[in-house]
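K.L.:
Once you've looked at the hints, go ahead and assemble the two chains, each given alone in its own frame, into the complex.
In order, the protein sequence lines correspond to chains A and B. Here the first sequence is numbered in our numbering, starting from 41 and rising by one per residue. Here the second sequence is numbered in our numbering, starting from 6 and rising by one per residue.
Hints are computed from structural coordinates only; laboratory data are not their basis. Hints may contain errors.
Claimed, not checked - Derived DSS-like pairs (lysine-lysine); straight-line CA-CA distance at most 30 Å: (1) 256(B) with 308(A); (2) 273(A) with 256(B); (3) 307(A) with 198(B); (4) 129(A) with 25(B); (5) 256(B) with 223(A); (6) 216(B) with 307(A); (7) 268(A) with 256(B); (8) 262(B) with 245(B); (9) 197(A) with 129(A); (10) 163(A) with 230(B); (11) 273(A) with 187(B); (12) 187(B) with 129(A); (13) 216(B) with 268(A); (14) 223(A) with 230(B); (15) 160(A) with 25(B); (16) 273(A) with 198(B); (17) 19(B) with 163(A); (18) 168(B) with 256(B).
Unchecked claim - The following residues of chain B were derived to be distant from chain A, with all beta-carbon distances above 12 Å: (19) 26; (20) 110; (21) 116; (22) 130.
What the hints assert, rightly or not - Footprint (simulated), chain B over chain A, 3 or more residues, beta carbon under 8 Å: (23) 74 to 81; (24) 272 to 285.
Think of the CB as a built atom: it goes at the ideal place given N, C-alpha and C, for glycine as much as any other residue.
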Amino acid sequence: MGIEFKGVYYRYPETNTDVLRNIWLEIGEGEAVAILGDNGAGKTTLIKHMNGLLKPSKGDVYVDGVNTREVEVSTLARKVALVFQYPEKMFFSETVYDEVSFALKNFGFEKSLIPRIVEKTLKTFWLWEYRDRSPYTLSGGEQRRLALASILSWDPKYIVLDEPTAGQDAIQREILTHLINRKIGEGKTVILVSHDVEFIAEFSPRTILLKDGEIIFDGEADDLFRRKDLLTKSGLEQPTLYQLSDRLGLIKTDERVTLELLVEYIKKVIQCTK
Amino acid sequence: MTEAVVHIEDFSYKYPYSEKEVLHNVTLKIFDRDFLLLAGASGSGKTTLARAIVGLIPQFYGGEYRGEIRVFDMDPSLTPIYKITEQVGFLFQNPENQIFMTTVLRDIVFGMEFRGFPREEMEERVRWISRELNIAHLIGRRTEELSGGEKQKVALAGLMVLKPRLLILDEPSAYLSPAATKSLLELLRRLNKDLGLTIVIIDHRLDLVVKYINRIVVLVDGEIKLDTDVRSALQENLSKEYGVNMPVISKLYTELKRRGVYCGTPPLDADELVSNILVDQEGGG
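Isolated chain B (complex conformation) (with noise of 0.2 Å):
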């Protein structure tokens, strides 16, 4: 069994303003490696937890909780953040709120140079960020300049210059464009496999994300209803049950399947239905 590198126990959690829990006895074990997508409606509390794995909730909120939370054996709510934040980066909803230097190239090292790092190796992270996030010609630029998606792809470079070991990274496709989003969640893959790096993405858009995600998490009004694979989750309409985007494909897939006319598996894209039909017509299908 691999080990748990989240451990969120019977967790509950209200904002100061609010009479109402956002988080609602959530138990959670986060796995080192898991590919994880965090899914759910507007306001089921994504955000929310994914704030209190990182400890800015409570230590940026504030709020009144309930249950515990482990990440790498720290309590979130007691340690220093910058602490955390050197296992766990947090890419957020809006790249705005986390771009802060006049320049790419401070922005990108002011993590490392808050922590002392030597300049040669700070060099030597900001060019295989470069190379890996294909950001080269924005290092000189100023970040005010930046469309959307480029401030997104500076902020994470931000992050993964640190190499955490886990990476929580918040509605990711928002601003990017489709072919953005792919080679951000094949950088992903990468990183995944090669460097062990554990990912939890919270998205909408699971037309893009379902084919690089070993689990789904799904959130309905804070509490946890659905914890399964990728294939299993796609076999039941999750937007009518819990509000979330399926993608074309398995709507496709649905209707397919309901009038008797494919009984495979749920394709994860298009090119795997396609060649699913291909092998069935040659079988005498």
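Just chain A, with the same shape it has in the complex (with noise of 0.2 Å):
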């Protein structure tokens, strides 16, 4: 059934400017979605309407046919999890244990199964040792570690990020790369907010691009990453790899841009002559 917003306008109360305008968009059950686009595009403003923390000022959301104005937001939670920029504010528990658990409890898990999810999900995360620890104390990468472990650990269909990578060390971007790779497989939708197209690059899922609070662009990641123009516009660079194969003009084709397959062109060209 997946989530469809029908021509949704969104203004903060009290204030004259709409973040979000005319949109319209179908993020279909399994899919992977990045979210790209400058800061204050509206990105954040999107994401909250698809648990109904926001409802919108014109136009609707629907998440699995039904419309977000007609269900309660911890109805909609336990489908829709979203993981914040800010994961500190969620924090409400005094052990991280607690912080995990006690999302399951209120969501009636049942009882006797409750600890094994818990332990399971923490030492997924690197997070076992901390256990006995209040959130507040743990650093920041280490919070944001925990935020997504509260999430993941019920299970949600549908897993909205909002820049998961701020913060994250190389072993915690492989965890997170793995992970979403995992859950793209078991049939979740996951959708990446992010202005790290580098990380979004090594998904290449479709990518919506957000300007102004209106949709630019819908297509497939690797066109994006071609269009310079555009993600100039938004604040945005090419990853890497993409601005190497444009400056070389070594790739002419629409392959999809890799490591391998710059090695290999720029094989062909240079070779070491010390």
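P.N.:
Spelled out as structure tokens, the structure:
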């Protein structure tokens, strides 16, 4: 069924500007979608409509065919899980362990199952050793990891991640890449909001570009990454490999640009002389 | 030899709730006009070290420490924080924790008002920073309406109007678009070159920052494991060894070098690699 935006406009109370303008968007079940755009383009406002946290000023949003105006946020949240930019705003439990188990209890998971799920989740995210600590004593990167862990523990159908790579180190990025791929493989819908074009290039999903509250591109990531004009206009850059391929004029085809491909091309042009 | 503005000598630290030392025997000198990247995996102690330099540790966080820190000849464990922040600006990881006034203007001038700056001086500095950071259009806005990236710029403006000599930025790229990060880094470079501002930046996005910095210090589990210039650092596989994100360009460089295709110095961005390749080609390579 998926998530559907029908002519959505949104304006924050007591302001005069539409932060979202005439959004028509369908995200199908099992799709991987990246939402890109400059600071203030409306990305976070857009995803807050997906679990009903915000209701459109005009137009409608449907989740699995149900209008978000007609259902409680708490009901939608079980299905559509959002991990925000500032994870510490989400924490309300005294320990890392309770932070994960709270939602499971709340959503009515069977009591005997909860300890096992919590343990598995915390181990997957390398947080098991911190289980008795307060979430507020974790480092910034660890807090983001915990926010993601608590949400994935209840296995939502739609996973919406706002800037998931912000403040993440190399290892965490790898875990994240692996997890997202796994979730996509399981048929979950994964929606990534990001500035990190290098990260998005690793998945090359369907990509939506927002500018000043409007969708200005909706298509393959590869196609967008060749469009330097659109990216620049939106405060973004081409991923490094696309920059290189453009500058060297090596790749004329519409092949996806990978590191391996570039190495092969460069090899034909130069050789080490020393 | 340039003068060191920060001396950290055998410094170890433990948070009040923790059994483990987050920093362990750290010795580091930060020199005048350094543009230094403090890198390392999540939880390696980067933010903790920054907090210690600016006195939040131990003054706000408590805990136990050994060793000594001097910042512009002040002892940050004893000097009032408002004194330290006249010399050292600290941009937090999450700008929401730094912005507490309801309008952008009030937030930017707060530090100056607190210190009794004359009105004309305050106006002049607000005009200056609005130009530099390109935030003139935000000045009249309410802070709660700002996007994450806009909040970060406003928080930075509030620090910069005090004209500190050292600026510490904790993950500035986390919530900024690449273009906004670049323009922030360009601004920092200008402040570093023209005003002699010393800069310490904590960031995971090496791909964005390597072009701007002169030095990399890598923390692993609270210990300094690497302290070197940028190009030497990029010769090594920092992600494998220390959990640091290597730029894509460095991954490509490593691969080209391994296969004997390219043997120049490690490039800092795509442009540099391209011009080196083109030179090699013309040189009959």
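K.L.:
Are the hints correct? Go through all of them and say.
P.N.:
Here is how each hint holds up against the structure:
1. 256(B) with 308(A): Roughly 19 Å separates the two Cα atoms, so the pair holds.
2. 273(A) with 256(B): Holds, at about 28 Å.
3. 307(A) with 198(B): Outside the cut-off at roughly 39 Å; violated.
4. 129(A) with 25(B): 26 Å, holds
5. 256(B) with 223(A): 27 Å, holds
6. 216(B) with 307(A): Holds, at roughly 25 Å.
7. 268(A) with 256(B): Holds, because 23 Å separates the two Cα atoms, which is no more than 30 Å.
8. 262(B) with 245(B): Holds, at about 18 Å.
9. 197(A) with 129(A): 23 Å, holds
10. 163(A) with 230(B): 27 Å, holds
11. 273(A) with 187(B): Satisfied, since the Cα-Cα distance of roughly 14 Å is no more than 30 Å.
12. 187(B) with 129(A): 28 Å, holds
13. 216(B) with 268(A): 21 Å, holds
14. 223(A) with 230(B): Violated, at roughly 36 Å.
15. 160(A) with 25(B): 25 Å, holds
16. 273(A) with 198(B): 29 Å, holds
17. 19(B) with 163(A): 25 Å, holds
18. 168(B) with 256(B): With Cα atoms ~38 Å apart, residue 168(B) and residue 256(B) exceed 30 Å; violated.
19. 26: Holds, since 14 Å exceeds 12 Å.
20. 110: 17 Å, holds
21. 116: 23 Å, holds
22. 130: At roughly 24 Å from the nearest Cβ of chain A, residue 130(B) sits farther out than 12 Å, so the non-interface label holds.
23. 74 to 81: holds (count 4)
24. 272 to 285: holds (count 10)
In summary, the structure is inconsistent with hints 3, 14 and 18 from the numbered list given earlier, while agreeing with the others.
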